[in-house]
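A.B. asks: Take a look at the letters that make up each chain.
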Amino acid sequence: MDSLTSLMNGFGTALTPLNLLWAACGVLLGTAIGVLPGIGPAMAVALLLPVTYGLDPTAAFIMFAGIYYGGMFGGSTTSILLNTPGESAAVIAAIEGNPMAKAGRGSQALAAAAVGHFAGGMIGTILLVVLAPTVARLAVDIGAPDYFAVMVLAFIAVTSVLGSSRIRGFASLLIGLTLGLVGLDQMTGQQRLTFGSLQLSDGIDVVLVAVGLFAIGEALWVAAHLRRGSGTALPVGRPWLGRDELRRTWKPWLRGPVIGFPFGAIPAGGAEIPTFLSYITEKRLSKHKEEFGKGAVEGVAGPESAASASAAGTLVSMLTLGLPTTAVAAVMLAAFQQYGIQPGPLLFEREPELVWGLIASLFVGMVMLLVLNLPLAPVWAKLLRIPRPYLYAGILFFAAVGAYAVGGQAIDLVILLIIGLLGLMMRRYGLPVLPAVIGVILGPNAEQQLRRALQISDGSVTGLVNTPFAVTVYAVIALLLLWPWLKRLVPRGRTEHKD
Amino acid sequence: MSTPEPPPRPEPSPAPQGASSAPEDGSPAPEGASPAPEGAAARPARFPRLRGSSELGVCALLLAVGVLVLTDALTMDTVASVRGPVGPRTVPVVVGAALVLVAVLLAVDVLRGGRGEAEGGEDVDLSEPGDWRTVALLAGVFLAFAALVGPLGFPLAGALLFWGSAYALGSRSHALTRDPLIAAGLSVATYAVFHLLLGVHLPGGPLMGVL
Numbered sequence: 006m007d008s009l010t011s012l013m014n015g016f017g018t019a020l021t022p023l024n025l026l027w028a029a030c031g032v033l034l035g036t037a038i039g040v041l042p043g044i045g046p047a048m049a050v051a052l053l054l055p056v057t058y059g060l061d062p063t064a065a066f067i068m069f070a071g072i073y074y075g076g077m078f079g080g081s082t083t084s085i086l087l088n089t090p091g092e093s094a095a096v097i098a099a100i101e102g103n104p105m106a107k108a109g110r111g112s113q114a115l116a117a118a119a120v121g122h123f124a125g126g127m128i129g130t131i132l133l134v135v136l137a138p139t140v141a142r143l144a145v146d147i148g149a150p151d152y153f154a155v156m157v158l159a160f161i162a163v164t165s166v167l168g169s170s171r172i173r174g175f176a177s178l179l180i181g182l183t184l185g186l187v188g189l190d191q192m193t194g195q196q197r198l199t200f201g202s203l204q205l206s207d208g209i210d211v212v213l214v215a216v217g218l219f220a221i222g223e224a225l226w227v228a229a230h231l232r233r234g235s236g237t238a239l240p241v242g243r244p245w246l247g248r249d250e251l252r253r254t255w256k257p258w259l260r261g262p263v264i265g266f267p268f269g270a271i272p273a274g275g276a277e278i279p280t281f282l283s284y285i286t287e288k289r290l291s292k293h294k295e296e297f298g299k300g301a302v303e304g305v306a307g308p309e310s311a312a313s314a315s316a317a318g319t320l321v322s323m324l325t326l327g328l329p330t331t332a333v334a335a336v337m338l339a340a341f342q343q344y345g346i347q348p349g350p351l352l353f354e355r356e357p358e359l360v361w362g363l364i365a366s367l368f369v370g371m372v373m374l375l376v377l378n379l380p381l382a383p384v385w386a387k388l389l390r391i392p393r394p395y396l397y398a399g400i401l402f403f404a405a406v407g408a409y410a411v412g413g414q415a416i417d418l419v420i421l422l423i424i425g426l427l428g429l430m431m432r433r434y435g436l437p438v439l440p441a442v443i444g445v446i447l448g449p450n451a452e453q454q455l456r457r458a459l460q461i462s463d464g465s466v467t468g469l470v471n472t473p474f475a476v477t478v479y480a481v482i483a484l485l486l487l488w489p490w491l492k493r494l495v496p497r498g499r500t501e502h503k504d
Numbered sequence: 103m104s105t106p107e108p109p110p111r112p113e114p115s116p117a118p119q120g121a122s123s124a125p126e127d128g129s130p131a132p133e134g135a136s137p138a139p140e141g142a143a144a145r146p147a148r149f150p151r152l153r154g155s156s157e158l159g160v161c162a163l164l165l166a167v168g169v170l171v172l173t174d175a176l177t178m179d180t181v182a183s184v185r186g187p188v189g190p191r192t193v194p195v196v197v198g199a200a201l202v203l204v205a206v207l208l209a210v211d212v213l214r215g216g217r218g219e220a221e222g223g224e225d226v227d228l229s230e231p232g233d234w235r236t237v238a239l240l241a242g243v244f245l246a247f248a249a250l251v252g253p254l255g256f257p258l259a260g261a262l263l264f265w266g267s268a269y270a271l272g273s274r275s276h277a278l279t280r281d282p283l284i285a286a287g288l289s290v291a292t293y294a295v296f297h298l299l300l301g302v303h304l305p306g307g308p309l310m311g312v313l
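In order, the protein sequence lines correspond to chains B and C. For any residue, its number in the working numbering is found by taking its place in the first sequence, counting from 1, and adding 5. For any residue, its number in the working numbering is found by taking its place in the second sequence, counting from 1, and adding 102.
Incorrect hints may have been included.
What the simulated footprint calls covered on chain C by chain B, stretch by stretch (three residues with Cβ under 8 Å from a Cβ of chain B suffice, anywhere in the stretch; the number is not a length) [unchecked claim]: (1) 205-211; (2) 224-236; (3) 246-259; (4) 271-279; (5) 283-292; (6) 299-306.
By construction, these hints were calculated from the structure, which means they are not laboratory data. Here the structure is a predicted model, which is why all the values come from computation and not from measurement. Cβ coordinates follow ideal geometry from the N, Cα and C atoms, glycine included.
All chains should be built: construct the whole structure from the sequences, respecting the hints.
C.D. replies: Structure representation (structure tokens):
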């Protein structure tokens, strides 16, 4: 009831002409970015962080959310038509969608993906409306020890669940934490890692870190290994679905969110695992098992729906706990920090206009995306013809603009380049980037909560585990850390994703 | 950055499906859900000594940063400012120590043949050796922008940045015809958007003074 009224108010915010314009900007940019190779939604939001200097928060977040959802829509277009998934979440779309496109059923694949995203996004956002206020209410009296536990969970999950090597994940996390330490200590004003430099005593702006690692690092890495003669997109007509395909896809569309939403909400790597789980679920339930791997429409519909729903789940933990579970959420959290807004249980009380305006704009954006993508997918595919030198030169250009706009200082550009070279090294040697970004963004906050918790308990370590919430979170952390060893105890055979 | 390495990369070039992070050590671990213990550790290294050396640089860097963080924390003058049981020193000490530990563990992993998987991507071709000359050129162009944006102003320096980057990335056939026009258009448009819509002032430089 309560959330319904709030949502209606939110639509009041979202449907003002100016906010509609920002939502349209977001979904257009998001789709374009999703289609374009080499640039993902996290990089796009990072590159757009400088707009936070001039835009009011509601408008900025409406645009960012549009980019997040739009990136998913656009990403599947590239996967299906070009067979080169940009992110791991789009791999499944390529596995089933590309064979469909090759067999002349590209329009059906695009339609199944677009409607899947729409269904997943809608259901996920409805779940967000229902669940987020409840989670916020439950969490409203969590204190410093609980916050600290949640942040440790984010650190551990992002290093242990993602990527293939834990030690490299931890290395990346520690690099991020170190970058976050630079500057004045928030509680005592003590200089740390500043080496007497006035420039560094303000700390390294999180915009520089996000843009450096995501944009410069990526552009330089691609420059070092630029594919000569990139593949051409398969030609395709206007997306549509026949009655037969509709019969096969409506259930996967509805099943996707069930898998996607919860996985988005927990720090388990965003859309990668749920799309995969949805894929094997659809494969098992399908009457056309033999088509899987050769272009089964269910294998496009279910995973794409799960992917969009996981984005909604991500927003639940970001808005209610301040816990970023994906790279995009991490960068959005950085944007919150730029505005001096602390996401968390109190956000719904303190900034109702912002939160509900944002949520309502998700519904609006979803409709816009369906309209944009269903008839226009072939037009978007033309973006793939952009010459690669322009694309990556453009990324460097906008990264430079953003960094320079931070403070108008040339030294910021040098810091940006150094962080970019760090990002290049990390990509070369298999250090995942996300833990570093999470470390920079959450590190200072985690330290503050830790010290606050220990201040309350007068230095006793039990002050960190004196709430049931914190204990539960630490139990989950222990499970994550011990998982490689626990896995060996589980009997082999049918261990295929039965958790 | 290191120079191009002549021996063939031991990493197999990724299949078109790409991005497959499945460990190739023969364990039936399902992709994604379960982190393989220390990753692609079991991949045989054809040139153990030679290949490992550059990745050991990462360990050295982590170690150096760790020592730096520890020194900074331990030489900190905290007597006057400590409030509460945990001062400004504790977390840096923990982070620094962890960096040293991870550096050592990573070195062990590398020496036992573990290799970080280079990141794939839509436009990334890992079958070719790295083209570090382009990277150096791009870094140079970027630094030139940092130096020139003050004196020349954003519109001009920005156009040079875009044009120079595109040139470094291999745009040669239009380098004197289409590219400068695109660069100038993009740069001036960005300047206008930041100035008029966002209210963020970028330096106009002498060029904007004339207009």
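A.B. asks: None of the hints should be skipped; say for each whether it holds.
C.D. replies: Consistency of the hints with the structure:
1. 205-211: It holds, with 4 qualifying residues against the three required.
2. 224-236: Our answer is that it holds, as 10 residues pass the Cβ test (under 8 Å) against chain B, meeting three.
3. 246-259: With 6 residues close enough to chain B, the hint holds.
4. 271-279: The restraint on the region 271-279 of chain C holds, since 3 of its residues have a Cβ under 8 Å from chain B and three suffice.
5. 283-292: Holds: 4 residues of the region 283-292 of chain C have a Cβ under 8 Å from chain B.
6. 299-306: holds (count 7)
Against the hints set out earlier in the document, no violation occurs for any number.
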